[in-house]
Amino acid sequence: MRIIGPDELVFGVDNVEDCRTFLTDYGLSDAGDGRFEALDKTALTVRSVDDPELPAPLKTGSLLRLTIWGVEDQASLDAIEAELSKDREVAKQDDGTLRTKDDAGFEIAFRITRRIKLDLPAELVNSPGAKPGRAMNEVAANQDAEALPRTLSHIVYFVPDMEMTAKFYIERLGFVITDKFTNTGPFLRPQANNDHHVLFMIQTPAYMQGLEHLAFHMQGPTELMLAGSRMVQKGYESFWGPGRHKFGSNWFWYFNSPLGTHMEYDADMDLHDGEWVEREVPMDKEAAQLFLFENIEKWNPGGPPPGKG
Amino acid sequence: MEPGWAASRQGVTQKLTETTVTQVLCALSDIPDGGSKGVLPNARGRDQGFVVRRGAQVYGYVNNCPHYDRAPLGWKKNEFLNGARDHIMCSAHGALFRIEDGQCTIGPCLGQALQPIAITIQDGMVLGEVPSAAPAQA
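As you go down the protein sequences, you meet chains E and P in turn. Note that the numbering used here gives residue 308 to position 308 of the first sequence, counting from 1, and the numbers run on in steps of one. Counting the second sequence from 1 gives a position; the numbering used here is that position plus 309.
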C-alpha cells in the first residue's frame, strides 16, 4: 500500500474568516472554496461548522472533521478498499476517493494524491571543511525572502487507545514504527514516504480525542525562523519553539491557531528506510528536544557605554 | 515573569501565599464590548492574563489552559473567544470555557476551570487582584 502521507485535512469551524487570515499569514495560499494550499498543493480546508457536507464531528472539542491520505496509485487504493472492507463500511465517492473511519473513530479518506512534485533548492549553507553550499558572492540573508510551507508534513492525534490505533495503521495500512515514546505513542511512517513520521499519536482520556497538531515542512531552519518570527510580529501566539526535536531531528516552531489545534513549522526531518531499527525512550523534556529557544524582540549592540548615555 | 505567575504557569502545586496586590489592568473602554483583551504583559510582552467584557461586566482569568502547564489560550493578541463569542476558546486544542466562571464545557480540560482574577471596575478602569508573592516554602 503506497500511502504517501496526509494530503488534506478538513475542519469545521465557527470562525472561518479568522482562519482565513491566520492560514494566509501562516503562508498557505488561498485556493478558494475554503482550501489553503502549500506549495505542493497539500492543503487544509476550513468550512463552516454547520456545513451539511462535513463528516460528523467527534464528541470532543476537536474541530478536525476529516483526514485525507494521499496514495501513489489506483492499485494502492484498491488494496486499501479490499483490506478495510473486511470489517467496516468503505464508501467510494464519484472521484474514486475512499471514505471510512479508523479504529479510534477518526473520519479518514484515501485518494490518489493531488500533490505536485516540487523541484526547489534546499537551504544552502557554507561550512568549513565542506564544499561551499553557495556560489561566491551569493548572499544568504534576505529579510524579505519568501518563507512558504512546502508540503503537509505530519499530524498528531490524541487517542484514547494508542496501542489499538497504532495497530490499525501498522497492520491494516502498512505503516511502520520509526521511534517510540514509552506510554505516549509511536512515530509512524507509511510505505511511500521516507520522512521519520507522518503520523504520531499521544495517549489521552477519551474526552480529549482530536488533533494535537499538524505540521508543514519548510525549506530549512532559516525559513522556519523567518516564518515564525513574522507570525510573532503579527501578534500570533507562539506555543513552543523555535527548537529542534530529537526523534526525527526536525526543527520546530508551534503556534496556537483559530482551528483549535497547534500548527507547527518544521524543517530538516530525518529520512528512514527499512534498514532503520526503532528507538524507544520515555517521554520527558530532555527527550522532546535537542534545544529550545524563544523569540525576543530585535536588538543591536552599540551606542554609548552604560551610564554614559 | 513575576514569581506568583511563574508558579501558576509552571503548574507548581504548592499553595501560594495569599498575598495579592490590586493592579490596574486596562481601561474598561480598552476592551471591546463582547470581546476580549490580553493584560499583565511579562517582560517579553506576553500577556499573563486576559479579560472578557460584557457590557459593564468584566471577567478576568490567568492566561493558561489547565490542560498543559504552559499553554496560553489565545491564537492572536487579544483574541481569546470562539467565533460565536459566547465562550472562551483555547486555541491550542479547541477547549471551550464558560465566560462567567471559566468552567471547561468541552475539550481536553473537561471538568477543570480557568484560574480567575478577581476584577473590580473603578472610575472606568479595570482593576485585578494579582498574586504578588513567591510560592510558600514547603
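None of these hints come from the bench; they were simulated from the model. Please note that the accuracy of each hint is not assured.
Claimed, not checked - From chain E, some residues computed to sit far from chain P (all C-beta separations above 10 Å): (1) A31; (2) S62; (3) K131; (4) G260; (5) A288.
As the list claims (entries may be wrong) - Computed list of lysine-lysine pairs in PhoX-like fashion (alpha-carbon distance at most 20 Å, straight line): (6) K117(E) - K41(E); (7) K285(E) - K386(P); (8) K180(E) - K285(E); (9) K386(P) - K180(E).
As the list claims (entries may be wrong) - Here are the computed distance ranges between Cβ atoms for each label pair: (10) I170(E) - R363(P): 48 to 56 Å; (11) S127(E) - T429(P): 58 to 66 Å; (12) Q233(E) - D432(P): 56 to 64 Å; (13) E409(P) - R134(E): 53 to 61 Å.
This structure is a prediction, so every number in the text was calculated from the model and none was measured. Where is the CB? At the ideal position from N, CA and C, for every residue including glycine.
Hint by hint, here is what the structure shows:
For A31(E), the condition that its CB be more than 10 Å from all CB atoms of chain P holds, with the nearest at approximately 22 Å. The Cβ of S62(E) sits about 6 Å from the closest Cβ of chain P, inside the 10 Å cut-off, so the non-interface label is violated. Interface exclusion of K131(E) from chain P stands, the closest Cβ pair being 40 Å apart, more than 10 Å. In this structure G260(E) is not separated from chain P by more than 10 Å, as the shortest Cβ-Cβ distance comes to only about 3 Å.
Look at A288(E): its CB is around 13 Å from the nearest CB on chain P, clear of 10 Å, so calling it non-interface holds up. Restraint check for K117(E) and K41(E): the C-alpha separation of about 9 Å stays at or below 20 Å, so the hint holds. Our distance criterion of 20 Å between C-alpha atoms is broken by K285(E) and K386(P), whose separation comes to about 27 Å. Between K180(E) and K285(E) the CA atoms are separated by roughly 15 Å; this keeps the pair inside 20 Å, and the hint holds.
Proximity of K386(P) to K180(E) is assessed by CA-CA distance (about 36 Å); at most 20 Å being required, the pair is judged violated. Separation of I170(E) from R363(P) is about 50 Å and conforms to the stated range, judged on CB atoms against 48 to 56 Å. The given range of 58 to 66 Å is respected by S127(E) and T429(P), whose C-beta atoms sit roughly 60 Å from each other. Distance hint for Q233(E) and D432(P): a CB-CB separation of about 35 Å, inconsistent with the stated range 56 to 64 Å.
A beta carbon spacing of about 58 Å between E409(P) and R134(E) agrees with the range 53 to 61 Å that was offered as a hint.
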